[in-house]
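Asker: Below, each chain spelled out in residue letters.
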Amino acid sequence: MTILAATVPAIGTSIWATNYASVSPYQMKSWPKPTGPGFGIDPDLSAPAPWPNILTEQQRRTLAALVDIIIPPDEVSPGAAEAGVVDFIDEYVSAPYESLRYHSLSILNGIDWINTESQRRYGADFADTTERRRDALFKDIRGSYVPEGEPTTKRILSLAIPKPERQADTFLDSVHYLTITAFYMTEAGVKDIDYRGDIAQAGPYEGPTEEAKAHLRDTLDKLNLPYPDELKT
Amino acid sequence: MSAGDFDAIVVGSGAGGATAALRLTQAGLKVLMLEAGRPYDPVTETPMFNQHIDAPLGNIPTEDRNPRFYDAIIGGIDLADEPYTNAEGSHVKWLRTRMLGGRTNAWWAYVPRYGPYDFQGASRDGHGVDWPVSYDDIAPSYDEIERLMGVYGTTDSYENEPSSPPGILQPPPPLRAYELFAKAGFENLGIPVATTRAAVLTQPKGDRNACFYASHCRRGCSIGAKFQTTTSFLPEALKTGNLTIQTHARVAEVTLGPDGRADGVRYVDTRTGSFGVAKARSVVLAASSYETARLLLASKSDQFPNGLANRSGQVGRNIANTLNFQIRAYFPVLDGRPQYNEDGTSLPHMVVPWFGHKDQAEGRLDFPRGYHIQVFGDRVGAPGIKTGPNIASREYGYGRELKSSARRRYGSYIDFEMFGEMIPNDDTYMELDPVVVDKWGLAVPRFHWRIGDTERHLIQHAKHTMLDVIERLGGVSAPIEEKDGELGEGATGVHETGAARMGFTGEDSVVNAHSQSWDVDNLVLADGSVFASHAHKNPTLTIMALALRAADALVVRLKSNQI
Ligand SMILES: Cc1cc2nc3c(=O)[nH]c(=O)nc-3n(C[C@H](O)[C@H](O)[C@H](O)COP(=O)(O)OP(=O)(O)OC[C@H]3O[C@@H](n4cnc5c(N)ncnc54)[C@H](O)[C@@H]3O)c2cc1C
Numbered sequence: 001m002t003i004l005a006a007t008v009p010a011i012g013t014s015i016w017a018t019n020y021a022s023v024s025p026y027q028m029k030s031w032p033k034p035t036g037p038g039f040g041i042d043p044d045l046s047a048p049a050p051w052p053n054i055l056t057e058q059q060r061r062t063l064a065a066l067v068d069i070i071i072p073p074d075e076v077s078p079g080a081a082e083a084g085v086v087d088f089i090d091e092y093v094s095a096p097y098e099s100l101r102y103h104s105l106s107i108l109n110g111i112d113w114i115n116t117e118s119q120r121r122y123g124a125d126f127a128d129t130t131e132r133r134r135d136a137l138f139k140d141i142r143g144s145y146v147p148e149g150e151p152t153t154k155r156i157l158s159l160a161i162p163k164p165e166r167q168a169d170t171f172l173d174s175v176h177y178l179t180i181t182a183f184y185m186t187e188a189g190v191k192d193i194d195y196r197g198d199i200a201q202a203g204p205y206e207g208p209t210e211e212a213k214a215h216l217r218d219t220l221d222k223l224n225l226p227y228p229d230e231l232k233t
Numbered sequence: 001m002s003a004g005d006f007d008a009i010v011v012g013s014g015a016g017g018a019t020a021a022l023r024l025t026q027a028g029l030k031v032l033m034l035e036a037g038r039p040y041d042p043v044t045e046t047p048m049f050n051q052h053i054d055a056p057l058g059n060i061p062t063e064d065r066n067p068r069f070y071d072a073i074i075g076g077i078d079l080a081d082e083p084y085t086n087a088e089g090s091h092v093k094w095l096r097t098r099m100l101g102g103r104t105n106a107w108w109a110y111v112p113r114y115g116p117y118d119f120q121g122a123s124r125d126g127h128g129v130d131w132p133v134s135y136d137d138i139a140p141s142y143d144e145i146e147r148l149m150g151v152y153g154t155t156d157s158y159e160n161e162p163s164s165p166p167g168i169l170q171p172p173p174p175l176r177a178y179e180l181f182a183k184a185g186f187e188n189l190g191i192p193v194a195t196t197r198a199a200v201l202t203q204p205k206g207d208r209n210a211c212f213y214a215s216h217c218r219r220g221c222s223i224g225a226k227f228q229t230t231t232s233f234l235p236e237a238l239k240t241g242n243l244t245i246q247t248h249a250r251v252a253e254v255t256l257g258p259d260g261r262a263d264g265v266r267y268v269d270t271r272t273g274s275f276g277v278a279k280a281r282s283v284v285l286a287a288s289s290y291e292t293a294r295l296l297l298a299s300k301s302d303q304f305p306n307g308l309a310n311r312s313g314q315v316g317r318n319i320a321n322t323l324n325f326q327i328r329a330y331f332p333v334l335d336g337r338p339q340y341n342e343d344g345t346s347l348p349h350m351v352v353p354w355f356g357h358k359d360q361a362e363g364r365l366d367f368p369r370g371y372h373i374q375v376f377g378d379r380v381g382a383p384g385i386k387t388g389p390n391i392a393s394r395e396y397g398y399g400r401e402l403k404s405s406a407r408r409r410y411g412s413y414i415d416f417e418m419f420g421e422m423i424p425n426d427d428t429y430m431e432l433d434p435v436v437v438d439k440w441g442l443a444v445p446r447f448h449w450r451i452g453d454t455e456r457h458l459i460q461h462a463k464h465t466m467l468d469v470i471e472r473l474g475g476v477s478a479p480i481e482e483k484d485g486e487l488g489e490g491a492t493g494v495h496e497t498g499a500a501r502m503g504f505t506g507e508d509s510v511v512n513a514h515s516q517s518w519d520v521d522n523l524v525l526a527d528g529s530v531f532a533s534h535a536h537k538n539p540t541l542t543i544m545a546l547a548l549r550a551a552d553a554l555v556v557r558l559k560s561n562q563i
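These protein sequences, in sequence, are chains H and E. Here the numbering used here is used: the first residue of the first sequence is 1, the next is one more, and so on. Here the numbering used here is used: the first residue of the second sequence is 1, the next is one more, and so on.
Note that these hints are calculated values from the structure, not bench results. Predicted, not measured: the structure shown is a model, and the values here were computed from it. Be aware that a few hints might be false.
[To be verified] Only pairs whose alpha carbons sit at most 30 Å apart, straight line, appear in this in silico DSSO-like list of lysine-lysine: (1) Lys33/H <-> Lys239/E; (2) Lys439/E <-> Lys300/E; (3) Lys30/E <-> Lys279/E; (4) Lys93/E <-> Lys559/E; (5) Lys239/E <-> Lys300/E; (6) Lys222/H <-> Lys559/E; (7) Lys559/E <-> Lys239/E; (8) Lys232/H <-> Lys213/H; (9) Lys239/E <-> Lys30/E; (10) Lys30/E <-> Lys559/E; (11) Lys213/H <-> Lys93/E; (12) Lys205/E <-> Lys30/E; (13) Lys205/E <-> Lys33/H; (14) Lys232/H <-> Lys358/E; (15) Lys559/E <-> Lys279/E.
[Said to hold, decoys possible] Simulated DEER-style distance windows between Cβ atoms: (16) Glu131/H <-> His91/E: 46 to 52 Å; (17) His91/E <-> Thr56/H: 38 to 44 Å; (18) Ser99/H <-> Pro434/E: 26 to 32 Å.
Quick reminder that beta carbons are idealized off the backbone N, C-alpha and C, glycines included.
Extracted from the complex, chain E is given alone in its bound form:
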């Protein structure tokens, strides 16, 4: 590939990379996308209707296939070729995929918007930093990305939970019986319940079909109903004729030209182990937050001895993930309830948004940020371990009694799962491991992880909320195992963000409000690395809205020859 052939190199084909590539190519710019994983086609590769029992070991987790054999995850936490390390006392589990489309192939597509408070945390409560963008700045990008993806939901808004203007959302599926039951419990405690917003089509859109309410989103979606970049943005970008995708291309570093600008990347072909270079007028990194930071830290030069675009020293810092745990409860009053097809879309159709703003404003809570709760019923999805109701985990008897008990209680279990906000702190960061390298000799991340009292208090509050509602509904909850008083401290989440945060100045942040590096003006970040804080809301819609904004700004600068 010769210099000047491409206007931009985009690293990664997941949520962020595909959004940026779509935008750039539709604007007529030439893009080279480098993806470390293999090609992947959901139309031919998705085991939509295989039964759990058809998989080796009935689809249970193994070292090779985790969490599930049939999940659309080529990759995992322990990748033989790409190790990473944890500092003493930290236990980050970093789930990575190495396939076209990244983690969007397996994601569940719940897409809440961040609200006004989420961009202004520091101003409101003194913790962390503010974002250099407000909700109003980013709202048009939310509208647009939702139109492009296809999202179901309602236009109802709640405090700090904005929804979309009319005309964007597709109709949501109705609540299931167990959800209405849980809703009655929450509402009775004065806690409002909202309709889920998900990037799952309930009406056809272009070449993509509406959901047929079977199988599970985690396996991927051959009919294109669940948003996956491999069935949407990537084919759409290819249609422009401006996109070249190279798979098996693991980027090793961003290279710097004599003018101090990025002039391309060095990458390794993972099949042959041979290194190559690619050149372009600009570089967009969207390799997933931690990997993008790893790339920057590993791109060392005389000008950037501490890593590219890292004059602020903030690369690798401010990382966060979603605090998360669940409580399972049994509701005897639901025993023997009438059966019907309760599958719907894979996600819960309702969600409990954070409801404690007033208590916080009046000083009644000992933590400043929020959480949300999702409820999962045991009849959604075929029985199996973790993939649906795990009957074995609750029936301790045996014989005929066991069978009738399992029948009677099928439908009486609900998992309450909380997702909480973690505030970035100085003890939670990543750096390059001084010793360990990967299969191709590239430096790997070493993680440091700790949560503080604000998180611990939030977790306890969530626990009590869930136990209260379970009690109000006449339920019995499973004992909760707390290790050292810590529960769900985020280190194992799939919502990594923040390793190269955006800010108001180059002193204390890595990129500006358009995700452009302060130090290297033709380097743009298009994944969760730019997050300045980590709300409890699943991050991907925000990643994509920011990627859209970043790409639009880059288009202007490329077209006007500022780069």
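Looking at chain H on its own, in the form it has when it is part of the complex:
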């Protein structure tokens, strides 16, 4: 998050800053904690999330257009929206957990803001305007942001709650994070990335294939490293 704040270019930040302030914070509905079998510290593990989703149809359309910019369809797999990411984020922003509230609010605000901004600029909802215009708007907030180095340990470990003054960055950062996380959990995403595990098998675990070992020998050669015993033939 720190990296993001420091490197979002001025143009993105200033557009955001002027417009963001004018959007009234989304009024989170307050609701009693769900009492369904899928809630609490000892839930029924087969029960789905027992809270109602709160995104409106329009918000879902805006979000669908947005997540497809982050993960568009390509020749290998469908885009994020088709894979089910909008449902995931809807469930996330609707969840009755304090720890998620900050990100949820910022996402809710952001969705409304990006649609309002699209209407202001192009006279059309974000979901209805052209792809090129959507991209332009997205790029303005995202900027030409390119991460330097690798994400920090903190971001690896959790969606840490950032400082309120970073709210502008938080919206896209949160949507970006959740979109990618959710996509690669869906069937489409798991297939896209070619994860081959989680299949019950009889007999001993076989370990790397000959192909994988051959590749490893090449790799170690490149690094000028001797083989461990297991790779000696």
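Add chain E with the ligand to chain H, keeping to what the hints say.
Answerer: Chain E with the ligand alone, transformed into the frame defined by chain H:
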């Protein structure tokens, strides 16, 4: 329950309690086990094949389910009914489960043995205290507990890393490709790599099946491959007909008879809030280290105004946990490597044992104890947050480029995680909070936590070792966030030990070499509370080996009517 019905009350059904109960019941003694949590059956309750996305919020951590929705943890750090407190500046995170089987339902089952040096720290380097048992004393108990649990591994030993004699271990799974890669890096730096020892079956054992190399141990194991007391020791002890298990029974205190011996416990039924008493000839506490100490401190009487079995004043002191942090690294040379099923068992199949004994002996290191390193590859387990590779945390781009980058780099990430030894110190202890009580009016612990230079130096050394190997392998590491120069200082670990240490005399320790209280001779402790020091090695095998020894000694005394 009337007095004299039971030879022993065992408090807690986790690693320590189940071991003690198995031993006592198989010796023909009648045992009442009191467990604060609810009944739990891994066969019907384990979500082995649910996908992350099937869980609410995709299995990410929430206030209710932490670390994971699907983890076999009923409990957590913040339990509404059972608060605890931290003194100013301390931030202990105490993970507790309230379910039959305790934390063995969710544990990862890595079971290193403590080595000879680990029992003799003070003699070797002047820090802390020695244990009243040596490795040779406890080795037969290690052999036996491994036979009972089912453990895979090899018989290869390293300095202070003894393995088992032939004939005990099951065959280990082969190393994965990313592990062989990391191994080449470590070996090139002169650091040996060992095969993991884990309480996971690779061959069937009794009613328990061999691992089928899918799902994750943290969810629990409905086929009994990963050792869990709920699929092994508890059903085996029940088979003797000598075990009675009462769940929802949270023990409030140990009660004292007129002869100064423990005569039973007072407990609360957590469903109704009503209190009851249970009586027995002896009491075995295995409620997890900190909770066992809480129970002793809360059991006050005229004879023991500072808490039961606490004439030494050592109850609640000498607590420690494992120093722990990880560094994630990206290895461009692994991009696009051939795919295959890399799941194996959930644990890494290799481990880097502590390798600095020679440097320490020759005075080249500024810390006296050790650490070990485990390596986790990003293709082990389905993608998700923390539950597998967290792709979102490393792909900052978007669009088609993001997708191809994620594909190319899937398999190029390795997490290096270090586990280090913390030496107990005077500023790290627990006591009863003077004000806060739990839902049933019981006093709760207040923690004080601090680490010293020996730990800080060790942590820095581990960091540099990991960075060196990452560099040698052509990797790029994630920046490490160090708060106030401190990294992984143990306060949040799941390896609590030491709140009622064993020793040579009742002056400065709570129990003797057989985990029997110096002050109350029919009171035995069977969890990590008895540890006199905290090696970097995961503690549970040692907890269980000691529980076995303690139970055997208790059997003799009960049978010969010494109690
Ligand atoms: C995610 C995870 C992974 C782990 N991985 C490993 C590993 O790979 N290797 C390793 O060595 N260790 C590991 N551990 C640690 C291991 O689980 C513990 O060391 C071990 O379970 C301790 O056994 P215990 O009997 O002391 O406590 P527990 O297993 O926690 O059992 C204590 C029981 O006592 C009950 N209890 C508590 N208070 C009361 C009371 N007042 N009255 C009645 N009952 C009570 C609890 O409900 C619980 O069931 C891991 C832990 C976790 C959480």
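Asker: Now look at each hint and say whether the structure bears it out.
Answerer: Comparing the hints with the structure gives:
1. Lys33/H <-> Lys239/E: violated, 42 Å
2. Lys439/E <-> Lys300/E: Roughly 20 Å separates the two Cα atoms, so the pair holds.
3. Lys30/E <-> Lys279/E: Given that 30 Å is the threshold and the Cα spacing comes to 12 Å, the pair holds.
4. Lys93/E <-> Lys559/E: violated, 41 Å
5. Lys239/E <-> Lys300/E: violated, 37 Å
6. Lys222/H <-> Lys559/E: This hinted pair is violated, its Cα atoms lying about 67 Å apart.
7. Lys559/E <-> Lys239/E: holds, 21 Å
8. Lys232/H <-> Lys213/H: Satisfied, since the Cα-Cα distance of roughly 10 Å is no more than 30 Å.
9. Lys239/E <-> Lys30/E: holds, 12 Å
10. Lys30/E <-> Lys559/E: Status holds; Cα separation ~12 Å.
11. Lys213/H <-> Lys93/E: violated, 42 Å
12. Lys205/E <-> Lys30/E: Between Lys205/E and Lys30/E the Cα gap is close to 26 Å, so the pair holds against 30 Å.
13. Lys205/E <-> Lys33/H: violated, 45 Å
14. Lys232/H <-> Lys358/E: holds, 29 Å
15. Lys559/E <-> Lys279/E: With Cα atoms ~18 Å apart, Lys559/E and Lys279/E stay inside 30 Å; holds.
16. Glu131/H <-> His91/E: 46 to 52 Å: Holds, since Glu131/H and His91/E (Cβ atoms, about 48 Å apart) stay within the stated range.
17. His91/E <-> Thr56/H: 38 to 44 Å: holds, 40 Å
18. Ser99/H <-> Pro434/E: 26 to 32 Å: Distance hint for Ser99/H, Pro434/E holds at roughly 30 Å.
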